[in-house]
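Peer 1: Sequence:
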Amino acid sequence: MRRNDGAKRGAGHVLDRRAFLKTGAGMVAANLAGTLGSVLLQRGRGNAAEARGHFVQAARTEISSLDPHEAYTIEVYSFTLNMYDNLIRFERNPPEAVPWLAESYSVSGDGLTWTFRLRRGVKFHDGRELTAEDVVYSVDRLLRLGKDPASVFKPCLKPGTTEALDRYTARLKLYQPFAPFLSILPIICVVNKDLVQKNEKGGDLGAPWLSRNDAGSGAFKLRTYEPAKGFVMDRFGEYWRGWKGNHVQSAEVRIIREPASQVLNLQKGTIHMTHTLLPPEQFERMQATKGVKVTKDQTLRTFVIRIHNQRSPLNDVNVRKAVAHAFDYDGFNKEVMKGNVFRNSVPIPLNMWGNPKNPPAYTFDLAKAESYLSKAKSKITRPLDLISLAGNPITDQAALLLQSNLKKLGVEVKIRGLTFPQFSVAAKNQETMGDLAVHWVSSYYPDPDNWIGKMYDSRNWGAWQACSFYKNPEVDNLLQKAREVVERAERQKLYERATAVVFEDCVDVWIYNSTSQRGLSDRLQGYNFSPVGDGLDFYPLYFTGA
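To convert, take the position in the sequence shown, counting from 1, and add 79; that gives my numbering.
To be clear, the hints were calculated from the coordinates, so they are not data collected in a lab. Watch out, some of these pointers could steer you wrong.
[Stated by the list, open to error] Simulated DEER-style distance windows between Cβ atoms:
#1 R495 x T303: 29 to 39 Å
#2 Q328 x R207: 16 to 26 Å
#3 E553 x E208: 42 to 52 Å
The structure presented is a predicted model; accordingly, all values stated were derived computationally and were not measured. Every residue, glycine too, gets a C-beta built ideally from N, C-alpha and C.
Please model the entire structure based on the sequences and the hints provided.
Peer 2: Below you can see the structure in the form of structure tokens.
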């Protein structure tokens, strides 16, 4: 990885604590930090919830739908991994494909026909056996519903091309070769065909019903769900993996938006696991807390500032390069993120294959930024609209830093906060997307296509990941070829070239690759992190000493 320690600093460095406290996010954080100071750091050994085997995980954002064929954000793993099953899954770090509902599979020589042999005796939560017909229905439903998960399969699958050869054998036929196909398979959650069809109304594919209910075969079944509060699941007694050994009895995902509130609840013992995207100072508090442990794992989650490439003045590459040079990468990563992240100057995470050997990087340089503004044909005559994730101190700090530095160049930036569900809707449409937006791009499947393909192939416009609305026929062609060829060496060359073009076009501002840090109760055991799934499989979890 090429470092850029020589980037110019000075007037554009990260806002100090006093400046940050002037912002709403800073005042909330400070107030909650004061509350934290009054908390007794030595918790009582155990509580009633743990004694009952009830596990509670904190989530940052509202989970607006439980339909596994509709939702496509990192938060959904909390229910897709626990209420549903997949043909294969990825586990461990680095991710490895593991047989799941499919005991085995075969692929035709041309890579178009995939045949899966299913486990026998897998039960849905209503007691009916899962069969190949449920697999066929699930694939077709996902594609016909046409929501974000369907966009991943657009290059290779069409409705009506999956068939059940017998009760336990399903065949998927691709209309063209798609090299990442095995990597994207876990996105398909198998639902109970009979139950969903029973709740269909007017050809709606049961979508309103399934967004609030459960039709899975996973380790846990839904008890209650309130979008703004979270959901509770109970152990499913007939789960196919069985319940030998130690496991929690029930699991709850509780919405707690403020990072400091999550830490406070963990210290009090009312939750057992925090979210991963918390500010570094919160992890420092947790590390000083008896009864709490902090995990740290390398991820495949990048942090970016998106740029609307179709809207003036940002449709001018010189304006985009000015924005890129107005961000203090080194200051942000070291001072705000406390050095717990890795500079990632291109779309694909640098610990994933597909990158150039020596990736290029934009550096913090206000003189260069000013020079690019002077070259631009499109002049900035209005404030730029920058979306930050509401209540998230990390995205707020990045937004404030860019706002501060651009102001020195005479460019006004207005920051508005949206929750992630609100942002993921706004980002699908050119009219509602901001000029700029700060967010993370997570590893929904472990292939370079998850990043550079989903973000910069213009055929993906309409999916929130493609919110830069970038269009370059050369890049589209390179990305399509990279999906069709099987040999990794050839795919590597194609991704390297696509990366070079996207970088030169300065489509976005690429900042860092994350580490996953999570606070856990020291009584909680069995936690296993994988970049695909974000460590949200609750089946292995159990409490000690309860």
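Peer 1: For Q328 and R207, compare the CB-CB distance with the range 16 to 26 Å and indicate the outcome.
Peer 2: 24 Å, holds
Peer 1: Quick one: are E553 and E208 within 42 to 52 Å, going by C-beta?
Peer 2: 50 Å, holds
Peer 1: Is it true that R495 and T303 lie within 29 to 39 Å of each other by Cβ?
Peer 2: 33 Å, holds
Of the hints listed earlier, there is not a single one the structure fails to meet.
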